[in-house]
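Peer 1: Spelled out from the first residue to the last, the chains are:
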Amino acid sequence: MTEKKKTTIVLFSGDYDKAMAAYIIANGAAAYDHEVTIFHTFWGLNALRKDNQVAVKKGFLEKMFGKMMPRGADKMGLSKMNYMGMGPKMIKSVMKKHNAMPLPQLVEMAQEQDVKLIACTMTMDLLGLQKEELLDDLEYGGVAAYIGDAQDGNVNLFI
Amino acid sequence: MTEKKKTTIVLFSGDYDKAMAAYIIANGAAAYDHEVTIFHTFWGLNALRKDNQVAVKKGFLEKMFGKMMPRGADKMGLSKMNYMGMGPKMIKSVMKKHNAMPLPQLVEMAQEQDVKLIACTMTMDLLGLQKEELLDDLEYGGVAAYIGDAQDGNVNLFI
Amino acid sequence: MTEKKKTTIVLFSGDYDKAMAAYIIANGAAAYDHEVTIFHTFWGLNALRKDNQVAVKKGFLEKMFGKMMPRGADKMGLSKMNYMGMGPKMIKSVMKKHNAMPLPQLVEMAQEQDVKLIACTMTMDLLGLQKEELLDDLEYGGVAAYIGDAQDGNVNLFI
Numbered sequence: 001m002t003e004k005k006k007t008t009i010v011l012f013s014g015d016y017d018k019a020m021a022a023y024i025i026a027n028g029a030a031a032y033d034h035e036v037t038i039f040h041t042f043w044g045l046n047a048l049r050k051d052n053q054v055a056v057k058k059g060f061l062e063k064m065f066g067k068m069m070p071r072g073a074d075k076m077g078l079s080k081m082n083y084m085g086m087g088p089k090m091i092k093s094v095m096k097k098h099n100a101m102p103l104p105q106l107v108e109m110a111q112e113q114d115v116k117l118i119a120c121t122m123t124m125d126l127l128g129l130q131k132e133e134l135l136d137d138l139e140y141g142g143v144a145a146y147i148g149d150a151q152d153g154n155v156n157l158f159i
Numbered sequence: 001m002t003e004k005k006k007t008t009i010v011l012f013s014g015d016y017d018k019a020m021a022a023y024i025i026a027n028g029a030a031a032y033d034h035e036v037t038i039f040h041t042f043w044g045l046n047a048l049r050k051d052n053q054v055a056v057k058k059g060f061l062e063k064m065f066g067k068m069m070p071r072g073a074d075k076m077g078l079s080k081m082n083y084m085g086m087g088p089k090m091i092k093s094v095m096k097k098h099n100a101m102p103l104p105q106l107v108e109m110a111q112e113q114d115v116k117l118i119a120c121t122m123t124m125d126l127l128g129l130q131k132e133e134l135l136d137d138l139e140y141g142g143v144a145a146y147i148g149d150a151q152d153g154n155v156n157l158f159i
Numbered sequence: 001m002t003e004k005k006k007t008t009i010v011l012f013s014g015d016y017d018k019a020m021a022a023y024i025i026a027n028g029a030a031a032y033d034h035e036v037t038i039f040h041t042f043w044g045l046n047a048l049r050k051d052n053q054v055a056v057k058k059g060f061l062e063k064m065f066g067k068m069m070p071r072g073a074d075k076m077g078l079s080k081m082n083y084m085g086m087g088p089k090m091i092k093s094v095m096k097k098h099n100a101m102p103l104p105q106l107v108e109m110a111q112e113q114d115v116k117l118i119a120c121t122m123t124m125d126l127l128g129l130q131k132e133e134l135l136d137d138l139e140y141g142g143v144a145a146y147i148g149d150a151q152d153g154n155v156n157l158f159i
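Protein chains in written order, with my numbering: chain W, 1 to 159; chain U, 1 to 159; chain F, 1 to 159.
Treat the hints as calculated values from the structure; they're not laboratory data.
Be aware that a few hints might be false.
It does not matter which identical chain is meant; a pair holds if it fits inside one copy or across any two.
Said to hold, decoys possible - Each computed DSSO-like pair below joins lysine-lysine, with the alpha-carbon atoms no more than 30 Å apart:
#1 K97 / K58
#2 K75 / K58
#3 K58 / K116
#4 K57 / K6
#5 K5 / K96
#6 K89 / K4
#7 K67 / K5
#8 K97 / K63
#9 K4 / K97
#10 K5 / K89
#11 K67 / K92
#12 K67 / K131
#13 K4 / K92
#14 K57 / K75
#15 K96 / K58
#16 K4 / K63
#17 K57 / K116
#18 K6 / K89
Taking the hints into account, I'd like the entire structure generated from these sequences.
Peer 2: Structure representation (structure tokens):
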């Protein structure tokens, strides 16, 4: 009996294009029958936010962060050539033309392929994000959970 | 008979300094007798563009991307302190002073050391880049090619 | 007798948040009894600068770089939402509130846990940084030192 290969990705970035790359690699690895984990930390958590506002109690700074950060995968900006939001529109337009999957669908596909999506609890604490504001069917953990997974990983990436 | 060690790098970034780091690590690993692959995706493809304009037929958005993105390794900006192009000049000037190899030469050296340079076909499609516009002697592939390489890699990096 | 697991991190970025992520992972891995190395290159070297000015002789460009780059971990900016320095203040303020460790303390903790902190000598040369300007108890090395460490690593990241 051979063991499954393992891919782990730390998604730190809150950029649409980088998150796309992370999810394309994750979905590709899952298709290759890897056990795959994406650990969402810092701005990478934004990819897991629900796109509607959720009523939760927050302090002032946490509210500010909540407002300033993109609400969900579809609203994230580009790492390059963002041009006040023009860039993402162009990218999404060429993606549509070439039938490439937009980020929210890549996230859905990952969930269907049993990619383990972890939300970093330390970041949730810092930025004041609560479970109600994030997608369903996530796991929650800290750096220990990540190290535990990654130390047996074949492909470990920080994106 | 011992197997060769293996290094794979995903070059996602289109920044001059990050591409330099990628190629320095790649050339170092090749010198250590690793089998080395650089998989160029998204903005990282710009490092493989020829520096002259090549006449190819394109749609409007693809032409826009073609114009907005740097044409070749030498024209890329810095990830930090770019200052409208001043930063790259300063860096190139200190590099010259210290006899450090500029990026286009690092790419050449990688090709001489048989580092496998892969251009991501999905990105080429999206950004409308065609083979004629890229350097010679590249390989072409998608995420499956990358996973296939990386799952046996000793050092796997996303840059 | 089992061998120790090994984590290596290339810290390329000069962003406060990315350096935090690097040091949190490093400290986590060290707590898990990994042998840990952080190789500081390019802007990542700024995390190792002393926060006071040190009198050393430099050329003009090297002086410019020295002035333009943040002097030490505490003065680094954010990769996202920096807002001319407002972002780091907000982050540090929520970190304090949640008793999260600020970057300079994370660096100290790493040193106490025997995380090997390497300064990239090629970058020091390029940016004109001298040993006197960096923290004590560092090691110094180039890409060969990095490859030597990383090729036996279980978790290798580029941040």
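Peer 1: Determine for every hint whether it applies to the structure shown.
Peer 2: To see whether the hints hold, each was checked on the structure:
| no. | hint | verdict |
| --- | --- | --- |
| 1 | K97 / K58 | between (41 Å within a copy, 13 Å between copies) |
| 2 | K75 / K58 | both (22 Å within a copy, 28 Å between copies) |
| 3 | K58 / K116 | within (28 Å within a copy, 40 Å between copies) |
| 4 | K57 / K6 | neither (38 Å within a copy, 42 Å between copies) |
| 5 | K5 / K96 | neither (32 Å within a copy, 40 Å between copies) |
| 6 | K89 / K4 | neither (39 Å within a copy, 44 Å between copies) |
| 7 | K67 / K5 | neither (39 Å within a copy, 41 Å between copies) |
| 8 | K97 / K63 | between (37 Å within a copy, 15 Å between copies) |
| 9 | K4 / K97 | neither (36 Å within a copy, 42 Å between copies) |
| 10 | K5 / K89 | neither (36 Å within a copy, 42 Å between copies) |
| 11 | K67 / K92 | both (23 Å within a copy, 18 Å between copies) |
| 12 | K67 / K131 | within (16 Å within a copy, 43 Å between copies) |
| 13 | K4 / K92 | neither (34 Å within a copy, 41 Å between copies) |
| 14 | K57 / K75 | within (23 Å within a copy, 32 Å between copies) |
| 15 | K96 / K58 | between (37 Å within a copy, 17 Å between copies) |
| 16 | K4 / K63 | neither (42 Å within a copy, 43 Å between copies) |
| 17 | K57 / K116 | within (28 Å within a copy, 42 Å between copies) |
| 18 | K6 / K89 | neither (34 Å within a copy, 38 Å between copies) |
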